[in-house]
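Start from chain L and add chain W according to the hints.
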Amino acid sequence: MAGLATSFGSGAMTNPIDDFLKASTLFVIGSNTTEEHPIIALRIKQAAQKGAKLIVADPREINLCRFANIWLRQRPGTDIALINAMMKVILDERLEDGEFIQERTEGFDEFARALRQVNVPEASQITGVPVEDIVEAARMYATSKPASIAYSMGITQHTHGTGNVMSLANLAMMTGNIGKPGAGINPLRGQNNVQGACDMGALPATLPAYQQVADEQVRRRFEAAWGMPVPAEKGLTVSEMTAAAGAGKIRAMYVVGENPVLSDPDSTHVRHALDNLAFLVVQDIFLTETAQLADVVLPASSFAEKDGTFTNTERRVQRVRKAIEPLAGTRPDWRITCAIAQRLSGHGFDYEGPEDIFAEIAAVTPSYHGITYERLEKGGIQWPCPDQSHPGTPILHVDGFARPSKKGKFVPVDYSGPAETPDEEFPLMLITGRRLTHYHTGVQTRRVKGLQELAPEELVEISPVDAETMGIEDGDMVRVSSRRGRLEAKSRVTERSLPGSVFMSFHYHESPANVLTNPALDPVAKIPEFKTCAVRVERI
Amino acid sequence: METFSLTIDGIPVAAQHGQTILEAARTAGIYIPNLCADPDLAPYGACRLCVVEVDGARGLPTACSTPATPGMVVRTDTPNVNMVRRGVVELLISDHPEDCLTCPRNQHCELQKIAAYVGVREQRFRKLHRPPIVDDSNPFFRRDLSKCILCGKCVRACAEILNVGAVNFINRGYRTYIGTLGERPLVESNCESCGLCVEVCPTGALASKNGKAPSREVNTICGYCAVGCGIKLGVRGQELVGSTGDPENEVNHGNLCVKGRYGYGFVNHADRLTSPLIKKDGDFVKASWDEALDLIAENFGKHRGDAFGVLSSARCTNEENYLIQKFARGVMGTNNVDHCARL
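So the sequences go chain by chain: L and W. Residue numbering for the first sequence follows my numbering, beginning at 1 and increasing consecutively. Residue numbering for the second sequence follows my numbering, beginning at 1 and increasing consecutively.
So here's chain L without its partners, still in its complex pose:
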C-alpha cells in the first residue's frame, strides 16, 4: 500500500472487480488468483474467454497460466527487473502515452533517464524470462488498451515490495492505464476486512481514512471528537511490536482475532517474544496457537453472530448481518473492547450497537462521510463517498491523483534481489502462500470437516528436476530447514514448481511454514519477505 500511496497518493484497488471484464489486456503478477481470490479469478477467466489478452507473471505454474496468452516465469524476487525491462521496451518502441504523461504525471524525465540504463538481455538473465517474451508482453500491455494490472502478496511480501508496487505504478502511468474503466492497478487484498481495518486506522501511523497521527490538526480533530488525547508519535508495526516485546520494551499486549504465532515470519522468535510479555490478552473464537500463550483469553463471537460492516478489496463497504445469536458465553468483539475501555477510562465507549459506532466512524472518516446503514440496505458503497447524495466512487484517479499536486509521481526503482539467496547449505528458494481449500492459519477451515477431508495435510511442492537430484519421490516425507527452523511434511513432486524453488502454504500447524520464513522487512511498508527465503529439503 505504501508504494501506491507514494505514486498515486492512495493505496487501494483503483477499479472495481467487474472492470476486469472490461479490460482488453489483463496483467496478473504475484497473484495465484484462482486459489486466493477465486471469484475474482472467475472474472479474469471470463474476460480471457471473451477475448481479452492475459499476461501471467509467476514463478509457479498457477491455474491462470492455462488461460494466459503469455506466461512469464520469472525467478522469485526478480519482479522489478522484469517490469523495468518491459518499460524499457515500451520506451524504446515509443509505445508510451505521451499525452497522459504530460498532463497527469510528474517526474517522467528523471524516471526515463534511469530506465534508459536498463538492459533487456541482462534482465532476461536475471529473471530467467526469454527476451522475446518480455518484448511481446510489453507490447501487448502497452498497445491493447485498456489494460488492467492485478497483483497480490507475491508482489508485496518482499524486502523490495514497495519498489515492486511503484514499478507497476510506473508501468500503468507511462501507458495511461489509470483512471479509466477496464484499466488501473488492483492490489487484491488478503483478509476479508483488511481494507476496512486499514481504513479504520488500525495502523501505527494513521487514524481513520489514512489521516496522519503526526499531523497536529488531525490529532486535534480526533481529540475533540473523542474527548481523549491522541499520542503524536507514530507507533510500531506488527513485526516491530514483536521485536519490542522480545526486547522487553512492550510489556503488555491485547491481541484480537490474530494468530501471529503461525502467521508471522520466524515463529520461534514470535513465540519467545510473546512469552516475554508481563501480560497478554488474546480475544478469539478458538484457542489458537497464540491464545495458548495468553494470560487471559476472551471468547468472541464469529462474523455470523454480529452486525457490522466489512470493506472489501475494491473499497466496497457492505453490511454484515447477524444470522444467529452469539454462542452462549461469547460476546461480539465490539462489546468486549467497550467493556475493557470503560473499566480503564471510566467514560465514553457507551455505544448502543454497531450502527451507533458506524455513525461516529462516518463523522470522523472523510471517505465514509456519506455512508449510513440505511443506504447500505440497498447494496454496498465504494469509498470515497463524501456526502449522502454521493453514489460512491468505483474508479479512482479519474480526474486527478490523490497527491497534493493532483499528479501521479514516477519513481525510478532499481532492481535488488531478495534478502536471502540460495547457497550451498540452503540451495532452494521457498515460496509461501495459500491454497484454495484452506485459509490463513487454518483456525477456521481446518475445523470444517469437508475442507479438512479435501486437503488434510501440507504438501511441499518441488520440481521433478530438484526431486531427482535429492532422491525424493512424490509422497515421500521430507524435512525442510532454513537458518531459522525446520519442519517435516509430505512432498508433492510437480511441474508447477520452478526448478530451484519449493512451495508451501502456512495453513498447517503441524508443519508451520513460518518457522522457516525470513523476518527481513521491506524498509518502507514493513512487510516481511514471506515469498522468498533459502531452504534445504531432505528425504527422511
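Just so you know, these hints were derived from the structure itself, not from any lab. Careful: at least some of the hints might be erroneous.
Here are the simulated DSS-like pairs of lysine-lysine, each with C-alpha atoms no more than 27 angstroms apart in a straight line [to be verified]: (1) W:K302 to L:K234; (2) W:K280 to L:K249; (3) L:K50 to L:K180; (4) L:K53 to L:K234; (5) L:K407 to L:K145; (6) L:K378 to L:K180; (7) L:K322 to W:K209; (8) L:K180 to L:K22; (9) L:K22 to L:K407; (10) L:K526 to L:K407; (11) L:K53 to L:K22; (12) L:K449 to W:K212; (13) W:K302 to W:K286; (14) L:K145 to L:K50; (15) W:K302 to L:K449; (16) W:K212 to L:K322; (17) W:K113 to W:K127; (18) L:K234 to L:K449; (19) L:K249 to W:K212; (20) W:K279 to L:K249; (21) L:K145 to L:K22; (22) L:K249 to L:K234; (23) L:K22 to L:K50; (24) L:K406 to L:K145.
What follows is chain W alone, placed relative to chain L:
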C-alpha cells in the same frame, strides 16, 4: 435499451433485443416449463420442455433458444404443446427412481415441479429400473447418476461460468452419462468443489450431503477472503446449515467458491471458546466475564503508553477495528496498533 412488444398467451409483453422468448416470458412473470435453461448459461435446447407455438413458425420452437421478435404471437398452452411436453416428461420419469419422499431434492426438484405442472398422473411407458450410480467422493455433495436427466447444466456451468470443466458427457444415446476425465471420482478430478453444479442441478442427481434445510436465510458477507462475496446464510434454530451466493450482490453476482459455500462449519464447532479463561500456574481456568475483565483492566492499567501494544483484526468488522484503535490511542495512550495487513 430499446424495447419492443410481443404477445404471450394473449398478454402484451415488453422485451429487449437479444432476449429469447423464455427470457421475455420470465421477465413478464409467465412460467414456461424448462429443465436445461439458466439465465447465466447460453441457450442449449436439450430438454424440449419449453416448446411453444409461434404464429407463422413451423413446428414447435423451443422458447429458450428462439429470439423474441417484435409483434411475435406466442402460445405456451396449446394441445400440441401439452402433448409434446407430456411425452417428454413421461420419458424422463420412465427410468427415474421413485424415491421422491426420501430424495434430498424432494420439494426442490424441477422434474417434480414440471411433472406436476404438466399433470402426469400415470405411466404409459414400461418402467426401467436403474440402480443408484453414486460418486460419494466429495465431502460436501454426492452424485447419483441414476437421477441424472442429462440436461447438461452441471457441464455447462462448470465450463461457461467457472472455466473449470471438471465434468462432461461420456458416450452417446441411452448410454450417455456425466463423468470426469478418465472417469475418476470427482475428488480426484480438477473439480474445485465450489458446488455450483449442485445449485444448478434440477434433480437429485447432485445433492448436498447436509440433510438440513434452513428455516430462514440471512443476507451477509462471506468472512474469508477480501473479495467480499454476498452470501445467504441458511439458519435452523441457532445453527448454520447452509450458505448460498446472493445473486443480487454486485461483487459475486451469486457465484461462490468452496469456502464461501461450505466453509461455515467452524461457527457451531464444539471447539469454540465459550468462557473467559485465566491462566493460573500454567493452566487455563474458566472465569466469569467480570473476573476476567477486572484482571485485564488492572494489568493494562500498569502498562499504559508505549509499553502497550494492540493487534487489531482484519477478520473483525469496521466498527470493531475503529473501536480497537480508539481504545489503543485514546485510552492506552499509544499508537502501537496494527493488524495483519502485511501478512
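We went through each hint and held it up to the structure:
no.: 1; hint: W:K302 to L:K234; in the structure: 21 angstroms, holds
no.: 2; hint: W:K280 to L:K249; in the structure: 25 angstroms, holds
no.: 3; hint: L:K50 to L:K180; in the structure: 20 angstroms, holds
no.: 4; hint: L:K53 to L:K234; in the structure: 44 angstroms, violated
no.: 5; hint: L:K407 to L:K145; in the structure: 21 angstroms, holds
no.: 6; hint: L:K378 to L:K180; in the structure: 26 angstroms, holds
no.: 7; hint: L:K322 to W:K209; in the structure: 25 angstroms, holds
no.: 8; hint: L:K180 to L:K22; in the structure: 10 angstroms, holds
no.: 9; hint: L:K22 to L:K407; in the structure: 25 angstroms, holds
no.: 10; hint: L:K526 to L:K407; in the structure: 26 angstroms, holds
no.: 11; hint: L:K53 to L:K22; in the structure: 11 angstroms, holds
no.: 12; hint: L:K449 to W:K212; in the structure: 16 angstroms, holds
no.: 13; hint: W:K302 to W:K286; in the structure: 24 angstroms, holds
no.: 14; hint: L:K145 to L:K50; in the structure: 15 angstroms, holds
no.: 15; hint: W:K302 to L:K449; in the structure: 43 angstroms, violated
no.: 16; hint: W:K212 to L:K322; in the structure: 20 angstroms, holds
no.: 17; hint: W:K113 to W:K127; in the structure: 20 angstroms, holds
no.: 18; hint: L:K234 to L:K449; in the structure: 43 angstroms, violated
no.: 19; hint: L:K249 to W:K212; in the structure: 53 angstroms, violated
no.: 20; hint: W:K279 to L:K249; in the structure: 23 angstroms, holds
no.: 21; hint: L:K145 to L:K22; in the structure: 10 angstroms, holds
no.: 22; hint: L:K249 to L:K234; in the structure: 15 angstroms, holds
no.: 23; hint: L:K22 to L:K50; in the structure: 10 angstroms, holds
no.: 24; hint: L:K406 to L:K145; in the structure: 23 angstroms, holds
Checked against the numbered hints listed earlier, the structure breaks hints 4, 15, 18 and 19; every other hint is satisfied.
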